[in-house]
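Student: Given the coordinates of chain A, work out where chain B should sit on it, guided by the hints.
There are 2 protein chains.
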Amino acid sequence: MSNATPYDLENEKIISEIKSRGVKTVIIQAPDGLKAHLKDLWMELSSAGITVYISADPCYGGCDLADDIGRKLGAEMLIHIGHNKFVRTAEEIPTLYIPAPYLVDLSELIRRSVEFLRSRGVRRVGLVASLQHVHSLKNFVEGLRSKGFEVVVDDATGGVVLGCNGEAAKRIAGSVDIILHVGGGDFHALGVALSVEIPVYIADPYKGEIRDVERLKRKTLARRWWAIQEARRAQIFGVVVVAKVGQFNRDLALLIKRELEARGRKALMVVAEEVNWERLSSLTFVDSFIITGCPRISLDNQEIFGKPVLNSEDFKELLKVMEG
Amino acid sequence: MSNATPYDLENEKIISEIKSRGVKTVIIQAPDGLKAHLKDLWMELSSAGITVYISADPCYGGCDLADDIGRKLGAEMLIHIGHNKFVRTAEEIPTLYIPAPYLVDLSELIRRSVEFLRSRGVRRVGLVASLQHVHSLKNFVEGLRSKGFEVVVDDATGGVVLGCNGEAAKRIAGSVDIILHVGGGDFHALGVALSVEIPVYIADPYKGEIRDVERLKRKTLARRWWAIQEARRAQIFGVVVVAKVGQFNRDLALLIKRELEARGRKALMVVAEEVNWERLSSLTFVDSFIITGCPRISLDNQEIFGKPVLNSEDFKELLKVMEG
Chain A
12 MSNATPYDLE
22 NEKIISEIKS
32 RGVKTVIIQA
42 PDGLKAHLKD
52 LWMELSSAGI
62 TVYISADPCY
72 GGCDLADDIG
82 RKLGAEMLIH
92 IGHNKFVRTA
102 EEIPTLYIPA
112 PYLVDLSELI
122 RRSVEFLRSR
132 GVRRVGLVAS
142 LQHVHSLKNF
152 VEGLRSKGFE
162 VVVDDATGGV
172 VLGCNGEAAK
182 RIAGSVDIIL
192 HVGGGDFHAL
202 GVALSVEIPV
212 YIADPYKGEI
222 RDVERLKRKT
232 LARRWWAIQE
242 ARRAQIFGVV
252 VVAKVGQFNR
262 DLALLIKREL
272 EARGRKALMV
282 VAEEVNWERL
292 SSLTFVDSFI
302 ITGCPRISLD
312 NQEIFGKPVL
322 NSEDFKELLK
332 VMEG
Chain B
12 MSNATPYDLE
22 NEKIISEIKS
32 RGVKTVIIQA
42 PDGLKAHLKD
52 LWMELSSAGI
62 TVYISADPCY
72 GGCDLADDIG
82 RKLGAEMLIH
92 IGHNKFVRTA
102 EEIPTLYIPA
112 PYLVDLSELI
122 RRSVEFLRSR
132 GVRRVGLVAS
142 LQHVHSLKNF
152 VEGLRSKGFE
162 VVVDDATGGV
172 VLGCNGEAAK
182 RIAGSVDIIL
192 HVGGGDFHAL
202 GVALSVEIPV
212 YIADPYKGEI
222 RDVERLKRKT
232 LARRWWAIQE
242 ARRAQIFGVV
252 VVAKVGQFNR
262 DLALLIKREL
272 EARGRKALMV
282 VAEEVNWERL
292 SSLTFVDSFI
302 ITGCPRISLD
312 NQEIFGKPVL
322 NSEDFKELLK
332 VMEG
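Which chain is which? The protein sequence lines are A and B, in order. Residue 216 in my numbering sits at position 205 of the first sequence, and the numbers go up by one each step. Residue 286 in my numbering sits at position 275 of the second sequence, and the numbers go up by one each step.
Be a bit skeptical, because a hint or two may be false.
If several chains are the same, the list does not tell them apart, and a pair holds so long as it fits within one copy or across any two.
To be verified - In silico lysine-lysine, BS3-like type, Cα no more than 25 Å apart, as pairs:
id : residue 1 : residue 2
1  : Lys268    : Lys50
2  : Lys83     : Lys96
3  : Lys181    : Lys149
4  : Lys181    : Lys96
5  : Lys277    : Lys24
6  : Lys30     : Lys268
7  : Lys277    : Lys30
Please keep in mind that the hints were generated in silico from the structure rather than gathered at the bench. The structure displayed is predicted, hence computed values, not measured ones.
Same shape as in the complex, but just chain A (with noise of 0.2 Å):
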């Protein structure tokens, strides 16, 4: 670990691995809040005598490879920070993750976590994390526990949630009386909240506090609910097509707009490397837009989006509601 980041970015596994595959080129990718700690990274793999390319672009998760981009530059390997291997298929340049977990000492959250639990009267704990801090439950079980707290970590998934897959709280549910999601942020805790039925409470090691989602999650579905019973009058529909390499869902697509023209709609097939409103408006003769590829995307930008946006699981509810 470096003195300059809480982050552990295992520079010296990175160079061992450049250094035994004979690699003189690299791609970083790493999500936004990651970027300014790559300096250190950068320094010695330079030192080193690397050709290292950052990638500016945003970095949502595993599904979004720069590894096109990085065979155009000459890279022969892609480092991708701050995500595991999402995408199965082989990539375009091996590829090393590096999951970069969050180091600084988390007593005092744990010890703020008993209190808060304890004044809401929870006695069975399901613990989920992001990534970058599924490291420290082991802690959590263990400070939650000797304060005779049940604590439950889904064994399968060990505890490690993604935005798009609330898998380790949904696993565990049925037997906890809550889920305490450790990250910070509130986009993977409303994940997690929106995959289960029972509270979800998060402990956050950026700000040190304990917090619910719950009036998000309800804000969320209402304007899920009513982005599905707008999109019933819609007469053409945009089926967006992601170009990320994990979020690329051609053939979903397709079915989509099969099932659309089934039903007197028509579609029109749509594709953008990065989806925003700004984008989506531009086509202005389309009433409703179905994305294929993250499911956040329209849960999260309800808000900001001038049209219905629904996502492929929202879409199977239209179904119904246009049946109905």
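Tutor: Coordinates of chain B only, in the frame set by chain A:
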């Protein structure tokens, strides 16, 4: 021309090209302002049994081809609307360029131009236009000549200017008093103004007005000089390769890196699909950026950039300033 759009999208030509090639799937690309006008083309192609993908990503020029994603989607042809061929090397898939001329009658704008130029005492007028309006230059020439003006249009370029290329103005600037640019917005006219020393006026077909770009030119040049002067103090430079096919200049970027290192500076290679301040600003440890893609990115966004951002022409000036 369809009733719905003032641009000639040449639907018949597109459809006959597609049919004669036996193409079943196409991808269409257009600048944001033209996307709203793609409905008829899409519907005609759909009726003919063609699967159509429309790219929702912004498209700034012929340098920016969605051929790669088209190939991934299985498209056998790219319809690129609003620009001429720019990339000289072979495209990934066969590409049809549709210039999309604006078909609205401009006689009133020509009348206003005559009035305006007379009031300024102008005698010799050089004419240029953006691609959508270049077909109107013939009428401008006739209209102005019939009122006694000397009028010059560059033969070699036909008077067309691109955002990055004011050649059509440069070649005639020595033999006229002013340049009149026919086109909307300030973008193309600013490019023209930056490439010549004489006054540049805009005849705007959308607003129906004549205006100058002198203030904008002075502001832009002042900010450019600020950026070059500031960059002199930078220790860590980010040298940005832009991934767009016609802006991809890896070798130039590597050359700039070597030039910087020869002067004791550090250079981080950066790559981006799309360059904006949000993306560059995540690299907090970089003091100044040099963009090797579109030269307009740095010129047009200097007010938004929080650090000095140069293009490769500015970089040449920076080297002089460093040595001076």
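Student: Would you mind marking each hint as holding or not holding in the structure?
Tutor: Now the hints, each set against the structure:
Proximity of lysine 268 and lysine 50 under a CA criterion of 25 Å is satisfied inter-copy only: 17 Å between copies versus 46 Å inside one chain copy. Taking identical chains as interchangeable, the C-alpha atoms of lysine 83 and lysine 96 lie at most 25 Å apart whether they share a chain (21 Å) or sit on different chains (22 Å). For a Cα distance limit of 25 Å, the shortest separation of lysine 181 from lysine 149 inside one copy, 20 Å, qualifies, whereas the shortest one across copies, 69 Å, does not. In the homo-oligomer, the alpha carbons of lysine 181 and lysine 96 lie at most 25 Å apart inside one protomer (21 Å), although the nearest pairing across protomers, at 53 Å, exceeds that limit.
Taking CA atoms no more than 25 Å apart as the test, lysine 277 paired with lysine 24 passes between copies only; the shortest distance there is 24 Å, against 52 Å inside one copy. When the C-alpha separation of lysine 30 and lysine 268 is checked against a cutoff of 25 Å, the pair qualifies only between copies, where the shortest distance is 23 Å, while the shortest distance within a copy is 48 Å. For the identical chains of this complex, lysine 277 and lysine 30 are inter-copy neighbours only, at 22 Å across copies versus 54 Å inside a copy, given an alpha-carbon limit of 25 Å.
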